[in-house]
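J.: Below, each chain spelled out in residue letters.
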Amino acid sequence: MSQGKPTQIRAILALTKASLLSTFRNPSAVFFSFAFPFIFIIVFGLLAQGSSAIDIGVRQNSDKSGIFYETLDKLSQDNGDKKKIVNLITDKTDDELNDQLKKGQIPLVINLHKKGDVNVVDQTVGVYDLTVERSAASQSSQSAETIVNSITESINNPDDPSRVKLINTNVVTVEGRKYTQIDFILPGQLSFALLMSAMNGIAFSFIALRKELVIKRIFATPTSKSSIILSEILSKIVLAVLQSLLIITVGNIFFGFTLANGIWTLLSMITLAIIGLLVFLGFGLLVTTFGNDEDAIAPAANLISMPQLFLSGSFFPIDAFPSFLQPIARILPMTFLNDAMRKVAFEGVPLSDTLPQILGLIVWGILIYIIVVRLFKWE
Amino acid sequence: MNKIIISVKNLIKKYGDFQAVKGISFDVYEGEIFGLLGPNGAGKTTTLEIMETLRDESDGEVTVGGYSINKDPAKVKSIIGVQLQAAGFHPGLKLTEILELFASLYGVRINPIEFLEKISLKDKAKAKIKELSGGQKQRFSIATTLINNPKVIFLDEPSTGLDPQARRNLWDLIKEIRDSGTTVVITTHFMDEAEYLCDRVAIIDEGIILKIDTPDNLIDQLIHKGFTKPKPAKDASLEDVFIDLTGKALRE
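Respectively, the protein sequence lines represent chains A and B. Residue numbers for the first sequence, in this note's numbering: 1 to 379. Residue numbers for the second sequence, in this note's numbering: 1001 to 1252.
FYI, nobody ran anything at the bench for these hints, they're computed from the structure. Please note that a few of the clues may not be correct.
[Said to hold, decoys possible] Below, in silico cross-link-like pairs of lysine-lysine (DSBU-like), each with a Cα-Cα straight-line distance of 30 Å or less:
hint : chain 1 : residue 1 : chain 2 : residue 2
1    : A       : K225      : B       : K1175
2    : A       : K92       : A       : K115
3    : A       : K225      : B       : K1071
4    : B       : K1211     : B       : K1022
5    : A       : K211      : B       : K1071
6    : B       : K1075     : A       : K211
7    : B       : K1211     : B       : K1151
8    : B       : K1130     : A       : K17
9    : B       : K1094     : A       : K17
10   : A       : K92       : A       : K74
11   : B       : K1151     : A       : K225
12   : A       : K74       : B       : K1094
13   : A       : K211      : B       : K1128
14   : A       : K225      : B       : K1211
15   : B       : K1175     : B       : K1094
16   : A       : K377      : B       : K1014
17   : B       : K1071     : B       : K1122
18   : A       : K83       : A       : K102
19   : B       : K1128     : A       : K377
20   : B       : K1075     : B       : K1022
21   : A       : K114      : A       : K102
22   : A       : K211      : B       : K1211
23   : B       : K1094     : B       : K1014
24   : A       : K225      : A       : K211
25   : A       : K211      : B       : K1151
So here's chain A without its partners, still in its complex pose (with noise of 0.2 Å):
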């Protein structure tokens, strides 16, 4: 037996693969880590293909006016049991929608211009220039395309060609990247997996290791309490990267997920990923200190998580909620590590243009740690 002097890092390299090990050979942890995520993407992914109105964007300076604008916006209200087909979009700048184009956020946009009038049957009706520019990068700008033809199709009447064309129409198409489901889905999943795996991980195993007296036997070796802390810190970060690696890659082979950059755009959301795991940490370290045992923090954990999970935009955009909670949902936590990984994933932008994401990350953090150093009872 060799007797040294205690490194501390030893111990929290030690203490680290402890952590791990315990993890991996609890069948529940392993679960809810790398296989629940899965089965959200997969439900979802079925469930978002379900019909809902379609956006159509419209130019601010285009006309709203004419037979062709009725009918669309007709089309886009509820009318008793028929439910709008459409959702027009008419308080965009042109850059906003430029962007959406290209993103493929929005399938189509439409500009109106009339050109002057014309007599048909006794009436006068006008005569307008319809630009329609379509998004490569949507899914749903041929279903948009189809709405808007059969629409021109049916004012111009096609079966008197001989009548004057009343709706010109040019199509432009808007090269982008293809956005699929996968890649608004996926990023909300991982960022849930991060806070289940924080909550639940540092939580409930901090509580067991204190109940079985495991923290209290580490306390009597020199071990220090902030070696403690931070290899549990520590093994966390790394079932997150694995996690993340895991859902990232498999997304993206399987599931089609786009990775804009390829391998830095991995890299980019593995560094997110470690940012929002270490604000969760601060929330699992937070619930530690609501009880004893397992039962009196978990209406705590849930607390916390349910209504991240629902607001956070993981499943359901922000702006399909109801006005007064969007800016509640925009603040949370998990809303911008959401924003900054589908950004990184899908804009294949630079980490440092998700910095508004990060300070909103990051100031989280510290008002949870603060709450956290407070409260937080070793016993």
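Starting from the known structure of chain A, arrange chain B on it as the hints suggest.
T.: Structure of chain B alone, referenced to chain A:
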């Protein structure tokens, strides 16, 4: 003269208004098995945990191996071994992994298999703590207190819940540890255990020490006061009968 390894002076521990330990003083000598005896709630575990640096004292002075428990807790921790009432090990880890973990926490190198061999648990190397019998658990738990080659080990009610065979086996292990030069501080509420194991005992109740002496002297003092057993003791006890009938071998 015996060398003092633990010195406790006027130790007080308060929990709010309640005084669990009310100014006790005692010394533990190097190489002895020292017993803290007392009913539940007497303050023995509190006293033990203060010596183990796991709990802060409210007042008084405690040194272990010459180091003050509140000025030099890290030094104290490095020369003591601690066994808690419950296991205190990661439930998912194998015995060898737990030993390696604790070796790392103490900054020492050990051979886990050799270590397990010494406590006859080599065949359980790949087992997890929950797969061990009560006696095996306690043997393992006591063995982990020895990883850092400590000067003193603290055992908190180590034989609770064990059958007579496992209990006697554990006593042999504890005596071996003492004979190899390690001081043992033990709490128990089994008087036969204290009588058999301890070189000296302190009897504690309601936070004060009633007596400190060797078990023999304490018994003699009582007899000297004119005490007689209501039923004269025989040369053998029921436990001796039990061991005679079922054999000394461990059941696990």
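J.: Checked against the structure, which of the hints given earlier come out wrong?
T.: Hint check: 1, 12, 14, 17, 22 and 23 fail, others pass.
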